[in-house]
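Visitor: Protein sequence lines, in the order shown, are assigned to chains A and B.
Counting in UniProt numbering, the first sequence runs from 1 upward without gaps.
Counting in UniProt numbering, the second sequence runs from 1 upward without gaps.
FRET-style restraints, in silico, Cβ to Cβ:
| no. | chain 1 | residue 1 | chain 2 | residue 2 | range |
| --- | --- | --- | --- | --- | --- |
| 1 | A | Asp282 | B | Glu178 | 44 to 50 angstroms |
| 2 | A | Phe267 | B | Asn194 | 32 to 38 angstroms |
| 3 | A | Val43 | B | Lys68 | 52 to 58 angstroms |
| 4 | B | Ile333 | A | Cys308 | 20 to 26 angstroms |
| 5 | B | Glu178 | A | Asp268 | 25 to 31 angstroms |
| 6 | A | Leu101 | B | Asp184 | 18 to 24 angstroms |
| 7 | A | Asn85 | B | Lys130 | 32 to 38 angstroms |
Think about it this way: if two alpha-carbon atoms lie no more than 20 angstroms apart in a straight line, the pair counts; the simulated SDA-like pairs of lysine to any residue are:
| no. | chain 1 | residue 1 | chain 2 | residue 2 |
| --- | --- | --- | --- | --- |
| 8 | A | Lys195 | B | Thr342 |
| 9 | B | Lys167 | B | Thr147 |
| 10 | B | Lys331 | B | Arg102 |
| 11 | B | Lys59 | B | Leu42 |
| 12 | B | Lys343 | B | Cys142 |
| 13 | B | Lys174 | B | Lys343 |
| 14 | A | Lys312 | B | Asp278 |
| 15 | B | Lys343 | A | Phe269 |
| 16 | A | Lys74 | B | Ala118 |
| 17 | B | Lys343 | A | Ser266 |
| 18 | A | Lys312 | B | Thr244 |
| 19 | B | Lys343 | A | Ile223 |
| 20 | B | Lys226 | B | Ser158 |
| 21 | A | Lys74 | B | Val122 |
| 22 | A | Lys312 | B | Glu106 |
| 23 | B | Lys215 | B | Asn194 |
| 24 | B | Lys316 | B | Tyr287 |
| 25 | A | Lys41 | B | Leu116 |
Hints in this document: simulated from the structure, not taken from any laboratory.
Think of the CB as a built atom: it goes at the ideal place given N, C-alpha and C, for glycine as much as any other residue.
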Amino acid sequence: MPRTTTLECPGCPPLRALTFDVLGLVKVIETSSKQGGGVAKVVERWGDPDSSRCVLAASIDDSKSDPLLAVARKNGLIEVINPLNGDVRVSITNITSDDLLPEDNAIVGLHMLKKQRLELSSRSRSELDFMDFLSCTLLTCTTKGHASMRSVEIPKSPQDSISGVPPTAWNICATGNILCSKVDGNENHALFGGKGVEVNVWDLDTCTKIWNAKSPAKNSLGIFTPSWFTCATFLSKEDHRKFAAGTNSHQVRLYDISAQRRPVLSFDFRESPIKAVAEDLDGNTIYIGNGSGDLASVDLRTGKLLGCFLGKCSGSIRSIARHPELPVLASCGLDSYLRLWDVESRQLLSAVFLKQHLTNVVFDSNFSGEELAASAEVLLPSKAHDVHDTVDEDEEEEESLPVKRKKASKGHKASKKLKSKKRSKNLEVKDVDVL
Amino acid sequence: MGAKRKKSESEGFIEENRENNNGDERKTKKNKEGGEERGKQLLPSTVKNKEKRSAVHAKLKHQKKLEKRKRSKARDAAEKQALELGEEPPPRMIPRTIENTRELDETVCKPDDEELFAGNDVDEFSSILKRECTPKILITTCRFHSTRGPAFISELLSVIPNAHYYKRGTYDLKKIVEYARKNDFTSIIVVHTNRREPDALLVIGLPDGPTAHFKLSKLVLRKDLKSHGNPTSHEPELVLTNFTTRLGHRVGRLIQSLFPQDPNFRGRRVVTFHNQRDFIFFRHHRYIFETKENKQSDSESKKVKDNKDENGTQDKTIARLQECGPRFTLKLISLQHGTFDTKGGEYEWVHKGTKSVEFRVRAIESVPNLPLFLVFFVFLKNIGELGRTGLWAFF
Chain A
1 MPRTTTLECP
11 GCPPLRALTF
21 DVLGLVKVIE
31 TSSKQGGGVA
41 KVVERWGDPD
51 SSRCVLAASI
61 DDSKSDPLLA
71 VARKNGLIEV
81 INPLNGDVRV
91 SITNITSDDL
101 LPEDNAIVGL
111 HMLKKQRLEL
121 SSRSRSELDF
131 MDFLSCTLLT
141 CTTKGHASMR
151 SVEIPKSPQD
161 SISGVPPTAW
171 NICATGNILC
181 SKVDGNENHA
191 LFGGKGVEVN
201 VWDLDTCTKI
211 WNAKSPAKNS
221 LGIFTPSWFT
231 CATFLSKEDH
241 RKFAAGTNSH
251 QVRLYDISAQ
261 RRPVLSFDFR
271 ESPIKAVAED
281 LDGNTIYIGN
291 GSGDLASVDL
301 RTGKLLGCFL
311 GKCSGSIRSI
321 ARHPELPVLA
331 SCGLDSYLRL
341 WDVESRQLLS
351 AVFLKQHLTN
361 VVFDSNFSGE
371 ELAASAEVLL
381 PSKAHDVHDT
391 VDEDEEEEES
401 LPVKRKKASK
411 GHKASKKLKS
421 KKRSKNLEVK
431 DVDVL
Chain B
1 MGAKRKKSES
11 EGFIEENREN
21 NNGDERKTKK
31 NKEGGEERGK
41 QLLPSTVKNK
51 EKRSAVHAKL
61 KHQKKLEKRK
71 RSKARDAAEK
81 QALELGEEPP
91 PRMIPRTIEN
101 TRELDETVCK
111 PDDEELFAGN
121 DVDEFSSILK
131 RECTPKILIT
141 TCRFHSTRGP
151 AFISELLSVI
161 PNAHYYKRGT
171 YDLKKIVEYA
181 RKNDFTSIIV
191 VHTNRREPDA
201 LLVIGLPDGP
211 TAHFKLSKLV
221 LRKDLKSHGN
231 PTSHEPELVL
241 TNFTTRLGHR
251 VGRLIQSLFP
261 QDPNFRGRRV
271 VTFHNQRDFI
281 FFRHHRYIFE
291 TKENKQSDSE
301 SKKVKDNKDE
311 NGTQDKTIAR
321 LQECGPRFTL
331 KLISLQHGTF
341 DTKGGEYEWV
351 HKGTKSVEFR
361 VRAIESVPNL
371 PLFLVFFVFL
381 KNIGELGRTG
391 LWAFF
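For reference, chain A alone in the conformation it holds in the complex:
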């Protein structure tokens, strides 16, 4: 007889996550502690099912004042969405210089930079303030290696045409396919890697390559494995020197720019290719997910497996996200489930069935359960006060920016100071996080 008992899911703390799927739908999943005992539920669905709008990459800027969400679609469209109500603020096409179809040159990396950057910050800041424009900076990268950074001005109403500043574009690689890209916490550096492309780190200020990895030596049998990176992540927010990368040959590698060009540490995980890597807040633990649905956490100081996330997760994991404050991890993938895990006990907190193959998940960290009603209220009457609001927000941003920089520089100092002592560095990084 079948067992009729099911595992009790302890439920989640209140949080809000957004998932993106192959039909281009964006689904908002919320858990609230009040009703339902912390069971995750789909509260909203944005967009209509259309396979050409399949989401390839997504990035969220969940700042308090004016959160934005960028979504890259299969047809080459990049949309900037308001993550609170799903309004499309701006949609731009990612046209590359070559006559490539968007299907051939799909966007693989999309990052919404929190910091104002480049010409925008220097040139037209005052102008923008005057014109009541919001702006954000997007870093995109396509399969063929065309990276571009552009600042997008977001008009108040979607009807207004946008006269975008021409994007800064550069080529990452001549051959091969880029499969992963990542921007570090300070948003000064970005790393790219892919099939036939070794991981390389770029300085975003000058758009120059500062470091390139070297492929590992042949093994004892003289067999050389061609490089095929599928995912990568920086270990901690403050430090761009250390990052982990997963390969198609089920290997996880730790690189340290300051040490050497070959991996500092490398280990195998199971049998199928690593498909997703995410870092923890403590700066030395990473979460890895692979093509057959195994999810595990690994301590990269030792390379030891801390434990696996057990559950009936049976499809490839496409994306892992760590909540910036709560000890919750979200994973999603081809089994169409969004699963929320407890980081400490590695227990399944909640799972939601979302019907399609999922490609991405992001957390909206500004959600606190009670906010739901309030945020909607704020949003609706905001039309009347829009002018004032945006001005205020810009001011706030300006105020907050130097603070951020300070923090960032602090982090730099700390990491520089502690370069000699690796052990204590980790502790120090933790302290920075608490502050």
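Put chain B on the given structure of chain A with help from the hints.
Guide: Frame of chain A; chain B shown alone:
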């Protein structure tokens, strides 16, 4: 004397047993025989002599059978009485089966799911299922195969229209996939043989469809079936039952895309894939509708005759089934995204074994409604759903 004593003892035991299991009507009986009952019970397992033990056991079994019959009789009587008195009959008990105790699955497809249909429209099989292109199947084997393998393949070729067998040779499967893609094949079936016995089936959708890996068991070839029929070359009708969850739906569509979507009803050939508890049963039948008049039914049983008399002199249409090989069972092991790639493949679903209680969820099926031997009635039911009117000509 001894035997008599034993009998009373065993009766006592049964009484006890029954009392544990069931309700009131037995209580009266127990009071009647209460004097004879002893505290000590004779369990067959305590008897050391084998003959005596089996005798006790047989007696116990017999008693249980009698009891059961009595209970059902009482139940029927109660129902009848209730009907006579015009009362509401006591509610019928519903037996607890594996199927109806299945835990609720949220992934079961619902008919009003807009996203499901949108997903169907754009999935890998939609061009075949919308009849935009006709399926063309390449059948090949593993590297070494013999005896039952080739025989099975020749029968598969007779089941699946527009299937072509290619010798495997020493080609890599990835090369074969490439070749088939170039030659406009829509699916590849690889029959894997182990120890001269086919034991796995790999179905690869082309050009970029999923790869399903099935375990194949209980293979019975045509010539081993008793009074089997020989199939014609007409396009068969397809019956898929119980592919209800999202995964099941996808597997069902994969199977559906192997067959042409315009069955030739003249051929009266049915291919059935019946899913029950994640096992997919394959059967292949011929059917025929026969009209029998009242006079001809003399040789039939009396009961049928009675029915006919009630109906008057109407013709009766009966359907007859004949199985025409092969017969086998499939079980999904993995469903891989994209074509065959064991090293770098991403899985949509992998069977991960029963690691704990929680994992014992059947992935594909939901509550089944019909056993397999009623295949024909399932088929009849499905005609209406498919809206294929051609078959009504037979009625």
